[in-house]
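Just so you know, the sequences run in chain order P and A.
Here the first sequence stands for residues 0 to 482, where the numbers follow numbering that gives the first Met the number 0.
Here the second sequence stands for residues 0 to 434, where the numbers follow numbering that gives the first Met the number 0.
Since the hints were derived computationally from the structure, they do not count as laboratory data.
None of these values were measured; they are calculated from a predicted model.
We put the beta carbon where it would ideally sit given N, CA and C, even for glycine.
Keep in mind that the hints are not guaranteed to be accurate.
As the list claims (entries may be wrong) - Where chain A lies over chain P, by a calculated footprint (3+ residues, C-beta under 8 Å):
#: 1; stretch: 62 to 75
#: 2; stretch: 461 to 474
What the hints assert, rightly or not - Pairs of lysine-lysine, DSBU-like flavour, derived with a Cα cap of 35 Å:
#: 3; chain 1: P; residue 1: Lys155; chain 2: A; residue 2: Lys21
#: 4; chain 1: P; residue 1: Lys155; chain 2: A; residue 2: Lys102
#: 5; chain 1: A; residue 1: Lys101; chain 2: P; residue 2: Lys75
#: 6; chain 1: P; residue 1: Lys451; chain 2: A; residue 2: Lys21
#: 7; chain 1: A; residue 1: Lys290; chain 2: P; residue 2: Lys77
#: 8; chain 1: A; residue 1: Lys419; chain 2: P; residue 2: Lys75
#: 9; chain 1: P; residue 1: Lys132; chain 2: A; residue 2: Lys419
#: 10; chain 1: P; residue 1: Lys155; chain 2: A; residue 2: Lys101
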Amino acid sequence: MSGVVIYYSKSLCTKNQECGILFVRDLKSPALIPTQGKPILQGRPNWHLCRLFSAMTQVVPPILSVTPSRALVDEKFKVLVENLPPGYPVTVRSLHNSEDKHDWEAYGHYVSDHSGVVSVSEDLSYGGTYTGKEPMGLLWSMRPVPGSRPGLRLRKMNVCTPMLVTISVHSGHEGFRDQAPLASVLTERWYMAPGIQRITINEQGVQGTLFIPPGPGPFPGLLDMWGGGGGLLEYRAALLASHGYVSLALDYLGFDQESENLELKYFETAFNIIKDHPQVMSDRVGIFGLSLGSLVAVTLAAYSTIIKPCCIVCISSNHYYPAQGSTVASRFEGVTRQLYKARVNEDNQVIWKGVGLEFITDPSNIAEVGRINCPTLLVNGCDDQNWPTVETAEDVARLMREAGKEHLLSRLAYPDTGHLIEPPFSPHFRATTFVIHSSKEKVLLLWGGKTKPHSDAQEDSWRKILSFLQFHLYCGPCLKAKI
Amino acid sequence: MDRKQYCVKLSVQPSRGLMDEKFIVLVQNALPGSQLTIRALHQCEDGHSWEAFGHYTADTTGTINVSEDPSIGGTYSGVEQMGLLWSFRPIPGSKSGLRMRKKNIQTPMEVTISVYQGHQTEGFADLVPLSGVAVERWYMAPGVRRIPVTEGGLTAALFLPSGPGPFPGLLDLWGGGGQLVEYRAALLASHGFASMAIDYLTAKITMETGKMVDNQYFETAYRVLQQHPQVCGSKIAMIGLSFGTSITLKMAVYSEVIKLSAAVCISGSHVQPVDGSVEEILRFFQKNGEKTRFSEKNEVIWRDLLLPIPTDPSLKVNVGRLQCPLLLVVGEDDQNWPSQESALDIKEMMARAGNSHLLTVLSYPNAGHLIEPPYTPHARSSTLKTVEIEEKVMCLWGGQTVEHSRAQEDAWKKMVVFLKENLYGGRNPTSFSHL
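Turn these sequences into a full structure, and let the hints steer you where they fit.
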């Protein structure tokens with residue numbers, strides 16, 4: 000039922016009397032712009048927008064609350080709807096407009112109980128982008144709204160501001176989008192806790208961003224690296240700082256021509272920048288890497304004679320390290336040149352896993368992980384279609400066992416989980432557009448994973464990663480074998 | 000130096016909370032059995048520093064959980080989850096008579112919480128903490144909008160909850176100190192009420208013309224609120240503290256324009272010349288000025304100005320004619336207004352008139368006059384400049400800190416439930432298809 004706003008002369012309306020004209024809202028407009036009683040028709044200074052007493056205006060909407068309304072991205076929230084009619088079908092929906100202006104949404108279908116309450120943490124969703132009892136489903140099951148272009152990925156670039164999510168409640172299940180929401184609230188999701196300092200690093204040739212927790216310190220440190228997509232992604236480092244680690248998000252691929260020649264030296268210098276920082280405990284610095292970043296972590300731990308990480312975390316493990324080549328890029332060139340062989344599925348998604356598998360079967364192409372002397376945590380998805388990470392983990396375990404270092408290794412492997420194991424409640428991306436660093440070619444890369452198990456893996460692995468880091472960097476004795 | 004010292008981990012969850020939300024303060028990785036002090040520090044807008052601290056002993060796992068473990072000394076003791084906020088007091092050396100009130104509610108209150116070795120009671124500025132975190136406490140939830148209101152000569156601020164609405168409305172009045180006090184209205188908007196904080200003693204129009212506002216001022220505020228497209232015009236309540244209670248009761252009973260769905264009156268009285276304007280009511284109080292007493296610390300006690308409760312009906316709002324639910328909040332140690340005696344008289348008047356089913360009284364032993372939102376530090380006395388007297392006086396509000404803080408927490412919770420029930424509840428529609 001859409002309608003129109005009717006204006007009338009102020010003189011017709013005396014105080015407290017019904018004016019007899021029905022006020023109807025235009026339901027198609029998502030938000031009302033308050034007039035604050037000011038005249039809104041030009042040239043008619045006595046005309047005011049006025050609301051009337053009618054049965055309609057006596058009904059108040061449901062009460063929607065999200066607690067806490069401001070939280071870190073890895074904290075849970077409780078979404079509660081109250082004051083609904085009993086047994087009433089509603090859809091609870093989340094909406095986020097990303098920094099690159101795409102709309103992402105998630106929604107669940109619910110029915111209120113006898114007291115008119117829907118509790119997303121307690122009740123079951125009957126359908127939508129998630130089903131069942133899923134307190135955080137409104138975040139992890141987000142996907143681009145219908146009509147968006149394919150291959151999108153959601154990543155926060157500016158970590159100084161929160162991710163804004165609007166949670167709303169709508170009448171009904173099918174066709175819930177056809178009406179304006181009954182209620183909506185805004186919630187903030189932060190990567191940075193209050194008091195964290197963010198410092199741009201550009202020294203000794205190293206580029207990145209350093210995050211320092213509030214307080215006197217000293218703190219343990221972490222070198223944080225993403226993968227082959229290049230660029231400088233700060234969000235995980237910011238989140239790790241929110242958990243008490245001085246974290247350096249490192250830019251190591253593609254910020255200028257020089258990066259083509261990145262040797263181990265670049266990473267050692269970056270590691271030392273953290274280690275030598277006055278607020279860092281110099282013997283408690285670890286390395287955290289995903290994909291290509293995990294390859295860097297492993298090679299630093301195995302080969303560096305300059306730095307000694309206290310522990311390393313490798314998500315979507317990679318140990319491809321042929322003898323030829325001195326830099327990250329040049330060693331990977333062998334693989335890059337063969338990527339044309341990668342299988343492309345019927346959805347036009349490129350699967351690199353097979354190519355990688357061929358390469359790592361040759362033992363001369365593998366890093367000597369038996370030389371690692373620090374606690375190592377490998378986190379992998381069994382449905383990883385981008386790199387043979389599970390096979391890599393098996394291989395690492397075998398080599399470390401042969402070297403008598405098995406006690407240093409912990410492995411987590413999650414079924415139906417893909418390559419991009421992100422912080423908890425991040426949406427799952429099965430395939431996204433990817434720009435190949437060397438050729439600048441755009442492909443639709445298949446990462447793998449099924450949304451629900453992948454999201455469970457993100458939540459579970461993060462908790463275990465934090466626990467691993469806390470044990471080795473905050474309490475346990477350093478450089479000793481104990482997991 | 001023991002390496003273990005550096006590994007103490009302090010966390011506060013949530014690190015960004017609303018002013019009435021609880022947090023969990025957790026210390027981990029401390030030496031088991033070690034003595035530690037957890038301290039909160041805040042610098043308020045006028046530059047004064049406030050601190051609160053508790054003395055703890057880490058358990059066998061090296062953990063302290065403030066919501067479960069007892070403090071054995073400091074500015075609070077026992078198991079006090081929020082003691083680090085409500086027991087705030089000015090740091091030693093501060094001038095006396097301070098009161099913590101936030102003026103700019105669009106920014107958060109910033110609190111630093113730190114943990115120190117040993118049981119410390121002073122000299123914190125010279126100590127290096129083992130760990131520290133920053134915590135934000137907000138009066139405004141995300142999406143709440145603040146809209147200044149100046150039409151009709153009003154000096155007010157409207158806080159709208161996020162969402163399409165319509166929302167029930169609330170008129171929010173403070174007391175004799177005047178000014179536009181916004182924080183309670185902002186917090187209530189964060190709970191779903193379109194709340195308008197009103198300055199009615201030092202309004203722009205009063206400062207410019209020298210004349211106090213008349214009763215129409217409040218009716219204008221009501222109309223502006225009622226006419227707002229995002230306000231449910233038939234569900235408006237009024238909340239007043241201290242002198243704000245006088246206005247609330249007067250409007251609730253006598254105004255032909257203002258039709259309230261509920262009223263909340265904190266630390267106030269129904270005693271006033273019944274047909275009086277704001278100015279006349281103030282003059283009535285001044286006439287009884289000689290009943291002012293002083294404590295042994297020379298703090299002003301004004302509770303006797305309205306005592307004894309008159310029997311003359313022209314001197315009391317006729318609460319027997321009240322048609323909406325009324326919640327009275329009373330601190331039994333109120334030294335500024337005779338709120339307890341007034342509450343008793345209101346109860347009797349309503350019983351005689353047959354409308355006492357509308358009345359709920361929350362009466363708190365050892366609570367004082369300033370019953371604020373939860374975890375607001377208790378001020379037993381503070382300097383005050385009212386609109387009636389030119390110079391500042393030290394005013395005795397009353398209350399004992401622990402009981403007063405409990406009263407604030409309990410009264411707020413019950414007040415929000417009361418408002419929700421009367422403004423949101425009642426009729427459960429069978430559908431929303433007409434919205």
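Taking the hints in turn, this is what the structure says about them:
Taking a C-beta to C-beta cut-off of 8 Å, the stretch 62 to 75 of chain P contributes 10 residues in contact with chain A, enough for the three needed, and the coverage statement holds. Counting residues of the stretch 461 to 474 of chain P whose C-beta sits closer than 8 Å to any C-beta of chain A gives 3, which meets the bar of three, so the coverage hint holds. For the proposed pair Lys155 (chain P) and Lys21 (chain A), the alpha carbon gap of about 29 Å is at most 35 Å, so the pair holds. For the given pair, Lys155 (chain P) sits about 33 Å from Lys102 (chain A) by alpha-carbon distance, which is consistent with the 35 Å threshold.
A C-alpha spacing of about 29 Å is found between Lys101 (chain A) and Lys75 (chain P), which places the hinted pair at or below 35 Å, so the restraint holds. Taking the CA atoms of Lys451 (chain P) and Lys21 (chain A), the gap is near 32 Å; set against the 35 Å cutoff, the hint holds. Our distance criterion of 35 Å between C-alpha atoms is broken by Lys290 (chain A) and Lys77 (chain P), whose separation comes to about 53 Å. At roughly 26 Å between alpha-carbon atoms, Lys419 (chain A) and Lys75 (chain P) fall within 35 Å of each other, so this suggested pair holds.
For the given pair, Lys132 (chain P) sits about 28 Å from Lys419 (chain A) by alpha-carbon distance, which is consistent with the 35 Å threshold. At roughly 33 Å between alpha-carbon atoms, Lys155 (chain P) and Lys101 (chain A) fall within 35 Å of each other, so this suggested pair holds.
Hint 7 alone, counting from the list given before, is not met by this structure.
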